[in-house]
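Chain by chain, the residues run as shown.
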Amino acid sequence: MKIIGYIIQKEFKQIFRNKGMLPIIFAVPLIQLIILSNAATFEIKNIKFSYIDSDNTSFSRALVDKFDASKYFNLVARFPSTKEANSAMLNGDVDVILEIPKYFEKTLLKHKKTDLGVTIDAINGSAAGVENVYITEIVQNFNKNARVELMQPSDVINMPKNITTITSFWYNETLNYKTYMVPGILVLLVTLITLFLSGMNIVREKEIGTLEQINVTPIKKYQFIIGKLFPFWMIGLVLLTIGLIIAKLIFNIPIVGSLGLMYFYTSVYLLVILGIGLFISNFTDTQQQAMFIAWFFMVVFLLMSGLFTPVESMPTWAQYITEFNPIKYFVQVMRMVMLKGASFSDIFPQFIKTLGYAVIMNGLAVWSYKKIN
Amino acid sequence: MESQNVIQVQSLTKKFGDFTAVDAISFEVKKGEIFGFLGANGAGKTTAMKMLIGISMPTSGEAIVAGFDVYKNRDNIKRNIGYMSQKFALYDDLTVKENITFFGGIYGLKKNQIKEKTTQLINDLALQEVANKLVGSLPLGWKQKIAFSVALLHNPKIVFLDEPTGGVDPITRRQFWEMIYQTANTGTTIFVTTHYMDEAEYCNRVSIMVNGKIEALDTPKKLKEKYNATNMNDVFLKLARSPSLTLPKGNGTHTEN
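Same order as they appear, the protein sequences are chains A and B.
The numbering used here puts the first sequence at residues 533 to 905.
The numbering used here puts the second sequence at residues 215 to 471.
None of these hints come from the bench; they were simulated from the model.
Values in this document were obtained by computation on a predicted structure and should not be read as measured data.
There's no promise every hint is true.
Quick look at which bits of chain A chain B covers, simulated, 3 or more residues with Cβ under 8 Å [unchecked claim]: (1) 546-554; (2) 632-642; (3) 845-851.
In silico BS3-like pairs for lysine-lysine, Cα to Cα no more than 27 Å straight-line [claimed, not checked]: (4) A:Lys545 x A:Lys577; (5) B:Lys229 x A:Lys545; (6) A:Lys545 x B:Lys371; (7) B:Lys427 x B:Lys229; (8) B:Lys329 x A:Lys534; (9) A:Lys534 x B:Lys325; (10) A:Lys753 x B:Lys371; (11) B:Lys324 x A:Lys534; (12) A:Lys545 x B:Lys347; (13) A:Lys738 x B:Lys311.
Here are a few chain A residues that face chain B, going by a calculated C-beta distance under 8 Å [claimed, not checked]: (14) Gly624; (15) Asn747; (16) Thr749.
Beta carbons: idealized from backbone N, C-alpha and C, even for Gly.
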């Protein structure tokens with residue numbers, strides 16, 4: 533136990549003496565939390581809207597006005613022909629082209645139906661989908677009003693009754709995107725920093741030759757590994773703390789659930805990440821290799837974590853893969869506890885998987901750390 | 215001097231795939247002896263030494279170090295030996311005192327023992343001025359003297375020195391050898407590899423490795439007589455005339471000679 537204490541003492545001294553690393557460990561993640569939480573939004577706003585009005589009636593202008601009035605659309609251009617419109621879209625100057633055909637009003641009055649052309653830049657498929665929904669909604673509203681105006685009194689009797697849905701949004705009533713993102717990004721930062729630091733730490737001792745010196749001492753594997761990982765475990769928890777304070781103070785994210793539960797889960801989760809980091813450093817010879825491998829895992833874990841894209845919309849095979857992704861569980865737990873006030877029994881499935889993961893990863897890490905070759 | 219053997223090696227062999235880095239070497243080292251372990255680059259010195267200090271598993275053969283078997287009792291060996299590698303191995307980003315505390319600590323020294331040793335070491339090496347400076351800021355010669363003293367913190371029975379004087383000036387080398395003599399006088403065995411043949415003359419006995427085998431083992435005086443040479447340099451050249459061109463894996467990079 534005392535030997536572990538000497539290692540921990542040494543690690544902390546080295547961490548706090550490293551003037552290059554210290555800001556990276558503490559300041560950079562927090563700046564990222566603040567910037568990313570504001571920037572990484574899926575809300576589709578400021579859509580660049582353009583139109584071709586071949587009808588040019590007060591009726592068609594009223595439709596364009598509806599778009600102009602919407603907070604989602606910015607009217608950027610009116611094009612005389614499809615050709616100009618298409619080239620503007622090619623250049624990325626416009627996102628949406630609404631094409632109002634000639635005799636739009638007349639046809640609608642005469643045949644009670646007409647067509648509108650909508651072209652959407654669908655390079656970003658999910659944004660295009662959302663834009664389509666917005667457009668459809670505006671057109672339908674316009675259509676409803678138009679119907680009332682164009683209808684004969686006799687039609688009113690035959691008019692179908694409308695079904696209206698009343699939606700209430702739970703856990704994030706205001707649909708504030710940050711409420712959703714901040715817990716996730718916090719997870720990202722805690723994971724990133726602890727994985728990279730632990731992954732590179734032992735490899736660094738290999739590089740400078742001190743690991744050999746350690747290996748000729750009678751120190752036990754477990755003493756060395758606990759002594760090495762404990763400081764990063766602490767740093768992970770400190771990062772969580774600072775992150776939670778920022779979430780509360782700057783973003784005013786409601787913290788509904790128990791803080792104790794969050795810390796409890798995180799402390800187990802960090803063991804998984806540290807185990808992975810140690811495992812990586814056992815199989816690499818330079819910090820560069822360790823960094824690349826850690827980065828590879830980090831990207832896969834992140835993109836498959838449900839942080840940015842819901843796991844439920846992934847293909848089934850990919851969903852199976854996410855079962856092995858510790859970040860997924862952490863994101864789920866943080867969102868559940870922070871926003872829904874989930875209790876221990878609610879997060880029990882995630883907890884058990886994380887605990888199992890921690891045991892396996894650290895087992896592998898200890899097993900693969902060799903004092904002799 | 216007692217004639218008790220602290221290192222006993224019998225047919226010790228290490229193979230890396232098809233390559234035999236250490237080929238059935240046998241020798242004994244007595245208590246309090248300064249044992250020079252010479253050989254050209256790639257002759258297998260470092261590999262042999264790594265087996266003796268318990269960080270490399272022998273392929274075959276026997277070795278007893280400080281009374282313990284290298285296969286079964288490595289932790290006990292490690293408790294009883296000190297090691298200073300050719301790759302300087304103190305922490306550059308810790309101060310002299312912090313390095314002493316750390317290495318003393320992981321060898322299981324008590325707090326007051328560490329304190330005592332620290333004061334003693336700093337006085338012996340006249341390091342009062344730099345005791346709280348980062349090791350990285352000190353000249354190489356100082357670092358190596360400190361590393362040697364740190365390797366002795368836990369009063370080991372044997373100290374293994376792997377090219378301890380590589381890259382330092384002749385004055386510092388002389389001072390370093392004075393430290394080695396003092397240590398040997400207290401009954402500590404010194405097992406040292408070197409490329410400097412004048413240093414070989416300082417050893418009680420010298421073994422010369424060529425291509426994984428020990429080609430000669432005796433006192434410098436007898437070796438010179440046997441090979442009809444005026445100094446150890448000639449002995450070495452006669453023995454190691456055709457050095458192996460294939461460097462084994464797992465051997466460190468040598469810069470001299």
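Verification of the supplied hints:
| no. | hint | result |
| --- | --- | --- |
| 1 | 546-554 | holds (count 3) |
| 2 | 632-642 | violated (count 0) |
| 3 | 845-851 | violated (count 0) |
| 4 | A:Lys545 x A:Lys577 | violated, 48 Å |
| 5 | B:Lys229 x A:Lys545 | violated, 40 Å |
| 6 | A:Lys545 x B:Lys371 | violated, 31 Å |
| 7 | B:Lys427 x B:Lys229 | holds, 13 Å |
| 8 | B:Lys329 x A:Lys534 | holds, 16 Å |
| 9 | A:Lys534 x B:Lys325 | holds, 10 Å |
| 10 | A:Lys753 x B:Lys371 | holds, 24 Å |
| 11 | B:Lys324 x A:Lys534 | holds, 9 Å |
| 12 | A:Lys545 x B:Lys347 | holds, 14 Å |
| 13 | A:Lys738 x B:Lys311 | holds, 23 Å |
| 14 | Gly624 | violated, 50 Å |
| 15 | Asn747 | holds, 5 Å |
| 16 | Thr749 | holds, 5 Å |
Hint violations for this structure: numbers 2, 3, 4, 5, 6 and 14, all remaining hints satisfied.
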